[in-house]
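Chains as they are written, first to last, in the working numbering: chain A, 1 to 144; chain B, 145 to 288.
Please keep in mind that the hints were generated in silico from the structure rather than gathered at the bench. Any given hint could be a false lead.
Said to hold, decoys possible - Subject to a maximum C-alpha distance of 27 Å in a straight line, what follows is the list of computed DSSO-like cross-link-like pairs (lysine-lysine):
#, chain 1, residue 1, chain 2, residue 2
1, B, 188, A, 56
2, A, 43, B, 200
3, B, 244, B, 266
Quantities reported herein were computed from a predicted structural model and do not represent experimental measurements.
Protein chains: 2
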Amino acid sequence: MAAIQHGTVIDHIPTDKTYQVASILGLFSLQTPVTIGFNYPSKKVGCKGIIKVSDKFFTDDEISRLSVIVPNVVLSIIRDYEVVEKKTVVTPDELRGIVKCNNPKCITNNEPMDTLFHVVNKNLRILKCHYCDKEQEMENVNLV
Amino acid sequence: MAAIQHGTVIDHIPTDKTYQVASILGLFSLQTPVTIGFNYPSKKVGCKGIIKVSDKFFTDDEISRLSVIVPNVVLSIIRDYEVVEKKTVVTPDELRGIVKCNNPKCITNNEPMDTLFHVVNKNLRILKCHYCDKEQEMENVNLV
Numbered sequence: 001m002a003a004i005q006h007g008t009v010i011d012h013i014p015t016d017k018t019y020q021v022a023s024i025l026g027l028f029s030l031q032t033p034v035t036i037g038f039n040y041p042s043k044k045v046g047c048k049g050i051i052k053v054s055d056k057f058f059t060d061d062e063i064s065r066l067s068v069i070v071p072n073v074v075l076s077i078i079r080d081y082e083v084v085e086k087k088t089v090v091t092p093d094e095l096r097g098i099v100k101c102n103n104p105k106c107i108t109n110n111e112p113m114d115t116l117f118h119v120v121n122k123n124l125r126i127l128k129c130h131y132c133d134k135e136q137e138m139e140n141v142n143l144v
Numbered sequence: 145m146a147a148i149q150h151g152t153v154i155d156h157i158p159t160d161k162t163y164q165v166a167s168i169l170g171l172f173s174l175q176t177p178v179t180i181g182f183n184y185p186s187k188k189v190g191c192k193g194i195i196k197v198s199d200k201f202f203t204d205d206e207i208s209r210l211s212v213i214v215p216n217v218v219l220s221i222i223r224d225y226e227v228v229e230k231k232t233v234v235t236p237d238e239l240r241g242i243v244k245c246n247n248p249k250c251i252t253n254n255e256p257m258d259t260l261f262h263v264v265n266k267n268l269r270i271l272k273c274h275y276c277d278k279e280q281e282m283e284n285v286n287l288v
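Here chain A stands alone, though its shape is the one from the complex (with noise of 0.2 Å):
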């Protein structure tokens, strides 16, 4: 996969992760050139999936959105074929929009309305819902 002049690269997602990752930054609808890899060799993770986002610089709200798939996850900011900036993501307090509540009777699941989950343990990786006060882990959430 080519370098890049400038923008952002993601290495060493777990390689069934990285649909997710593109469709949770939004890839399939931006303008600039972007390239997807996966199921390629890794030595640190058996099989992994590369993204590579031109004249892109995600900001910092969504980065967060990936602490619910990847959090150990690490963007490369590129600048003329140089990392000049190494960003982890960090896990927000809320999330907006993002995941699904897993209580069927939750009016998150039965209005047209944004979810919006409150991140209650951060080591344990608990949300709750706002609405309903259903808790789930982030482990095992259905996207929006």
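Assemble chain B onto chain A, guided by the hints.
Only chain B this time, still in chain A's reference frame:
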């Protein structure tokens, strides 16, 4: 994007069709290395997508599914880093389980079953539902 040793390359995909091509070929379920690029600058088509799949050679049946979305695309078959064959997409006589019927009363929209369409005119690209006889243009289909 790096060259592949063995496999299939699909170049000059209209960029906004790249995701659908990946999806219809089932690339997200493969176990071999896959690279998907889109929004790449192209002299021919303004902006293009490229897909490279290592160690995978699609059957004629799989390739014919592409007729719904990219009838003019060419697949390059790679062995030992060389293009050994070019395959064009041939519109099949029937499409099974690929396209949705746009008649909401059609049995295929109301029972858990595969759709089936006959290609009644390959030049005008007209499909006819096997079950309810409703016709639709291949340009405007919704995929299952």
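Going through the hints against the structure:
1. 188(B) to 56(A): The given pair, whose Cα atoms are some 25 Å apart, holds under the 27 Å limit.
2. 43(A) to 200(B): holds (23 Å)
3. 244(B) to 266(B): The hint holds at about 18 Å.
Comparing the model with each numbered hint stated earlier shows that all of them hold.
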